[in-house]
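*Asks:* In this text, residue positions in the sequence shown follow this note's numbering: the first is 94, and each later residue adds one.
Calculated directly from the structure, the hints in this document are not laboratory data. Just to be clear, a hint being listed does not mean it is correct.
As the list claims (entries may be wrong) - Result set (EDC-like, lysine to aspartate or glutamate): computed pairs, CA atoms no more than 20 Å apart in a straight line:
(1) Lys239 with Glu178
(2) Lys198 with Asp181
(3) Lys274 with Asp338
(4) Lys122 with Glu178
(5) Lys96 with Asp324
(6) Lys158 with Asp181
(7) Lys122 with Glu285
(8) Lys122 with Glu292
(9) Lys96 with Glu311
(10) Lys239 with Asp221
(11) Lys318 with Glu297
(12) Lys158 with Glu226
(13) Lys172 with Glu299
To be verified - Label pairs and their computed distance ranges (CB to CB):
(14) Asn179 with Gly121: 30 to 36 Å
(15) Arg336 with Asp314: 27 to 33 Å
(16) Ile240 with Ser152: 22 to 28 Å
(17) Tyr310 with Asn179: 24 to 30 Å
(18) Tyr120 with Glu200: 21 to 27 Å
(19) Arg223 with Gly243: 30 to 36 Å
(20) Ile325 with Leu108: 25 to 31 Å
Built from N, CA and C at the ideal position, the CB exists for glycine as well.
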Amino acid sequence: MAKYKIHPIVVGTKLFDKGMMTYQHDYGKPYAIPIYCWYIEGGDRKILVDTGEMSPIQSQDREEKIGGKIYTFEQGLAKWDLAPENIDIVIHTHLHNDHCENDFKCENAVFYVHEKELERIHNPHPLDFRYMEDYIEDIEENGQIKIVNGDLEIVPGINVMHTPAHTEGGLTVFVDTPSGKAAITGFCVIEENFSPPKEILAMEMEVIPPGTHVNVYEAYDIMLKVREMADILIPLHEPRFARIDTIP
Numbered sequence: 094m095a096k097y098k099i100h101p102i103v104v105g106t107k108l109f110d111k112g113m114m115t116y117q118h119d120y121g122k123p124y125a126i127p128i129y130c131w132y133i134e135g136g137d138r139k140i141l142v143d144t145g146e147m148s149p150i151q152s153q154d155r156e157e158k159i160g161g162k163i164y165t166f167e168q169g170l171a172k173w174d175l176a177p178e179n180i181d182i183v184i185h186t187h188l189h190n191d192h193c194e195n196d197f198k199c200e201n202a203v204f205y206v207h208e209k210e211l212e213r214i215h216n217p218h219p220l221d222f223r224y225m226e227d228y229i230e231d232i233e234e235n236g237q238i239k240i241v242n243g244d245l246e247i248v249p250g251i252n253v254m255h256t257p258a259h260t261e262g263g264l265t266v267f268v269d270t271p272s273g274k275a276a277i278t279g280f281c282v283i284e285e286n287f288s289p290p291k292e293i294l295a296m297e298m299e300v301i302p303p304g305t306h307v308n309v310y311e312a313y314d315i316m317l318k319v320r321e322m323a324d325i326l327i328p329l330h331e332p333r334f335a336r337i338d339t340i341p
């Protein structure tokens, strides 16, 4: 079975209140997160998880805040001798706009998307402004989407599990690597969500749910399950991966 390497590529940033990541904690604290696409190297397919922002702000200030370089989608792929048309498979953790803005550029790719994400992007709830159907219209019209309705093996060594913590159709991506099973979370969290500080542990909370979620109790349980299943945890917006070329 193939053993893969995972390459984090920063293709955007957000500046916001930290409580958007850490439910009930650190509200009012300014925080910067990287927005990633993840290139999974190995096997005979060129595979990405998410495609990130189309027009990222590339500034020294933002790079200092996240501790790494910010790329356009094309620049980030070129670092690994790739172009958008070379991508064979894109796996979507979910369809919030910052995870799918470059989809239309991957004209030869098959996109794996959970059915509930497709439903929601065409009929968003007023509370969730992050769904913008314009970003997936091209790949829908071209018949590039494969609908996922449960846990699924994408290729040998890469599987997805339905994890409706942050959104109804969130997919966590499990990747076999030389150092064990890595999990790219299907929900927007940072490392602190999985490894809370002492004051949170003292409240008998093992993890901190995502700041935005479908059901906070279910999100908590999903996080525990993912943490137990993974040898390597890759929280979807953890800043330290902005300084890392390759996982593991």
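*Asks:* A separate judgement is required for each hint: does it hold in the structure or not?
*Replies:* Hint check:
{"no.": "1", "hint": "Lys239 with Glu178", "result": "holds, 18 Å"}
{"no.": "2", "hint": "Lys198 with Asp181", "result": "holds, 12 Å"}
{"no.": "3", "hint": "Lys274 with Asp338", "result": "holds, 18 Å"}
{"no.": "4", "hint": "Lys122 with Glu178", "result": "violated, 40 Å"}
{"no.": "5", "hint": "Lys96 with Asp324", "result": "holds, 14 Å"}
{"no.": "6", "hint": "Lys158 with Asp181", "result": "violated, 33 Å"}
{"no.": "7", "hint": "Lys122 with Glu285", "result": "holds, 14 Å"}
{"no.": "8", "hint": "Lys122 with Glu292", "result": "holds, 17 Å"}
{"no.": "9", "hint": "Lys96 with Glu311", "result": "violated, 31 Å"}
{"no.": "10", "hint": "Lys239 with Asp221", "result": "violated, 24 Å"}
{"no.": "11", "hint": "Lys318 with Glu297", "result": "holds, 17 Å"}
{"no.": "12", "hint": "Lys158 with Glu226", "result": "violated, 30 Å"}
{"no.": "13", "hint": "Lys172 with Glu299", "result": "violated, 38 Å"}
{"no.": "14", "hint": "Asn179 with Gly121: 30 to 36 Å", "result": "violated, 43 Å"}
{"no.": "15", "hint": "Arg336 with Asp314: 27 to 33 Å", "result": "holds, 31 Å"}
{"no.": "16", "hint": "Ile240 with Ser152: 22 to 28 Å", "result": "violated, 38 Å"}
{"no.": "17", "hint": "Tyr310 with Asn179: 24 to 30 Å", "result": "violated, 42 Å"}
{"no.": "18", "hint": "Tyr120 with Glu200: 21 to 27 Å", "result": "violated, 42 Å"}
{"no.": "19", "hint": "Arg223 with Gly243: 30 to 36 Å", "result": "violated, 24 Å"}
{"no.": "20", "hint": "Ile325 with Leu108: 25 to 31 Å", "result": "holds, 28 Å"}
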